[in-house]
Amino acid sequence: MSSDPFDLLGLDRATATEADVRRAYAERLKATRPEDDRAGFMALRAAFEHARESVRWRGQYGEDDPYEDYEEEDPGSAGAAPASTPADDGGDLTFAADPEPEPDYAPEPQDTDEQAFEARLDRAMDRLVDLLTATGFEPDLKALKACLDDDDVAGIDEFQTLQWRVRQLLCDRTGYNLEPQDIRRPLWLTLDLFDTLDQHFGWTRQPTTHPYVRRLNDWLDRVRTDIAWYAAPQEARKQALRKDIKAADSEERGSFAWLGVAGGIIGYALFQFFTRNPGG
Amino acid sequence: MTEPSKTLIGIDLGTTNSLVAVFTDAGPQLIPNSLGEMLTPSAVGYGDDGALLVGRAAKDRLLTHPQLTGARFKRYMGTNHEMTLGKKAFRAEELSSFVLRALRADAEAFLGQTVDEAVISVPAYFNDIQRKATITAAEFAGLKVNRLINEPTAAALAYGLQDRQGESTFLVVDLGGGTFDVSILEMFSGVMEVRASAGDAFLGGEDFTDALALELGRQLGIKPEDVSREDGARLRALADRMKIQLTEAAEESADFSLKGAARRVTITREKFDEITDPILKRLRLPIQRAISDASLRADDLHRIITVGGATRMHAVRQLVTRLFKRFPEYSIDPDHVVALGAAVQAGLAARHKALDDVVMTDVCPFTLGFETSIQVSEGKYEHGHFSPMIERNTVVPVSKSDIVSPLHPNQTEILFKIFQGESPFVKDNIQIGTLRVPLKAGAKDDKSVDIRYTYDTSGVLEVEATPLASKKTERLVIEGNPGSLPRDEIEKRLKALAAIKIHPRDQQENAALIARMRAAYENLLGDKRQSVGRLIAEFEGVMARQDPREINEARRNIEAILGNFERDDVF
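Chains as they are written, first to last, in numbering that gives the first Met the number 0: chain D, 0 to 279; chain A, 0 to 570.
Derived contacts from chain D toward chain A, CB cut-off under 10 Å, selection only:
{"hint": "1", "residue": "A18"}
{"hint": "2", "residue": "R22"}
{"hint": "3", "residue": "E26"}
{"hint": "4", "residue": "P33"}
{"hint": "5", "residue": "E34"}
{"hint": "6", "residue": "A153"}
{"hint": "7", "residue": "I155"}
{"hint": "8", "residue": "D156"}
{"hint": "9", "residue": "Q159"}
{"hint": "10", "residue": "Q162"}
{"hint": "11", "residue": "H199"}
{"hint": "12", "residue": "R213"}
Quick list of the computed label-pair ranges, beta carbon to beta carbon:
{"hint": "13", "chain 1": "D", "residue 1": "V128", "chain 2": "A", "residue 2": "K426", "range": "32 to 40 Å"}
{"hint": "14", "chain 1": "D", "residue 1": "D125", "chain 2": "A", "residue 2": "L524", "range": "56 to 64 Å"}
{"hint": "15", "chain 1": "A", "residue 1": "G165", "chain 2": "D", "residue 2": "Q114", "range": "26 to 34 Å"}
{"hint": "16", "chain 1": "D", "residue 1": "I182", "chain 2": "A", "residue 2": "T472", "range": "43 to 51 Å"}
Mimicking PhoX-like on lysine-lysine, the simulated pairs with C-alpha atoms at most 20 Å apart in a straight line are:
{"hint": "17", "chain 1": "A", "residue 1": "K352", "chain 2": "D", "residue 2": "K29"}
{"hint": "18", "chain 1": "A", "residue 1": "K280", "chain 2": "D", "residue 2": "K141"}
{"hint": "19", "chain 1": "A", "residue 1": "K494", "chain 2": "A", "residue 2": "K86"}
{"hint": "20", "chain 1": "D", "residue 1": "K144", "chain 2": "A", "residue 2": "K280"}
Just so you know, the hints here were simulated from the structure itself, not pulled from any lab data. Ideal Cβ positions, reconstructed from N, Cα and C, are used throughout, including at glycine.
Here chain D stands alone, though its shape is the one from the complex (with noise of 0.2 Å):
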């Protein structure tokens, strides 16, 4: 089996485009069943999605692509990987390769379709930071839902953009972006307020493939964890640190136990030793 992805696809790697690597594997596809060939369909597979990204990056960036050196990705090739990989890692190279990494991305829209989706975006965006912090530290979160569920941001476009945003204010705020990383809790961000913008975005529950997004979601988690702690009644509060506490202490003391039963073991080992031996 050929090892570079062009000549499988039977391509010139310096001329071929987007839409001669679809065509050949179109081509190859239907003599390489994934039913019949699954081997033959994972590599053909592997060919044309390598290809594909060598192409898409070369009509990004106009230079040489960066898997010159494609191995077959493939049994064991990945080394001895220890049982703790992190699981965002890996998944950054073909992050990297993607024409654009933010969801937000797609070909242009003509200039007044641009400017009156912005136009509308920043009118939403002014709306809710109004409601934010207009309403004394007590969110109406029956406008905060009408807003929104607004017809300005109504569309899917529009709810991934607002969601975009939403959520960099947000990681902004609660302190994502400092150096080092700390837990912020602005006053207006009441447990309430966050619930009902994660309900409508579901950033901790719908979760997703791409890191960066990843990272932000799993620290947005975080952030409720904190909100919700504080949130949480004194009463409660100091019985929840009472009962960590108290585990702490008695794993302590479980080793001390532990400690104490070796010691008698060998306090008994040695007074044996000494009684059946007496010296000389």
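Once you have looked at the hints, place chain A on chain D.
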């Protein structure tokens, strides 16, 4: 090449209704059941003679004999929940197998040959346990599963066939009776490729019916837990009918007979939209996620297709229209399209020559991985982390491997816990199995294990682990996993099922008519009720004489009379 005599069928095994279709020279074609209908309700129950009834007859008997009848069991696929019919408890696999058996008999009668292999559609968001349960159900029905096909993908196949050489990207929104799926597909040069799938396995039209039944109960001053099973079943049936009528009318009212008196209930479309708003909101997130996974904007989608009976609801159409700023398409009947697509896949599998320029590739909708521990400091580990092996939306079939080492050098085995889900912590994901791999005891041996995940085109996972030292491969064994049946249990149940008597297919029509008359009898009041009572006695008399011609004639007459009664709003 397959022999020409072998025919594969495509089956849509739905929460509410099931269908069967076949691929012919003229394209995919639906197969009618013994009542001449395309939709066979996914309902099963014992008849008066102790034989099992499937379909319309069973659905009607839900009203009169709720203790002997079961429906909506697809929701329990892949769980240990059992439904009790009469004295016997059944698993969802077993109840589904009766529906599959009936569909198979319909196909055999239609095609004039035996059928033992099928393509069966499942919700894209069905997990591994639910998929394996579907395969078990087919085995109980004597059917070999050639392949499971995701429902939105099947729908896309049915639509894509209309314009197979075109280039387009489309979104399929599939809201069935019990499940919700969203898929984004791309088509080019006859290749149909799924780019992203998302969904909710417990969200469907039945939830809208439940919400409406609750509201009707409120108007009548009754709570679902306070009424008899019969009254509850009738109220739910009324809610279901009014829900369907609300797709046409802005307001509906009906009489519900409660303790011998007719009570009026009314529902407007506004009120219906208000009570179902929380359910509707849950539809938006999977759509958003699929779009974001595929990195698309609304403008990039050439077509928006709605599939599944529940997408007929006004509020659902409106939501899709608002999101994408255009009206969704539904040129193929939303109840039929999945079965038609399953038949196309059956045609593809059987190498039908009309399809030799079409190939379809699908993705796995979930991330699959295993539990790992992360070292936080010297000698200290944090457990419960999820390490992905196959990322969501990877094209299947796919096979990936990784080398894993044990935490401690003296370990004598590794216990792999296989999970599915998107959370970085296994506690938020679904465990689909465990794999115990023994290691060589010597401290100097290489303790690394090569672990390989293979995901086939049906969306079923196989996991293998090979210790580098011994080279002895272990395969995934489901160890006491909740919701799945072990092999020996499957064999045992298969034997038990063979002993159950099933109502003969050629008498289904009569059984269905009797069930329908009984349901009407329950629903009607006064004179009409008495006339239906007379009809039942009359028909039983005709049946006793066993003259097929006379029976057919009586059946036609009674159907006409019943049709008139049922048009009245008394329910």
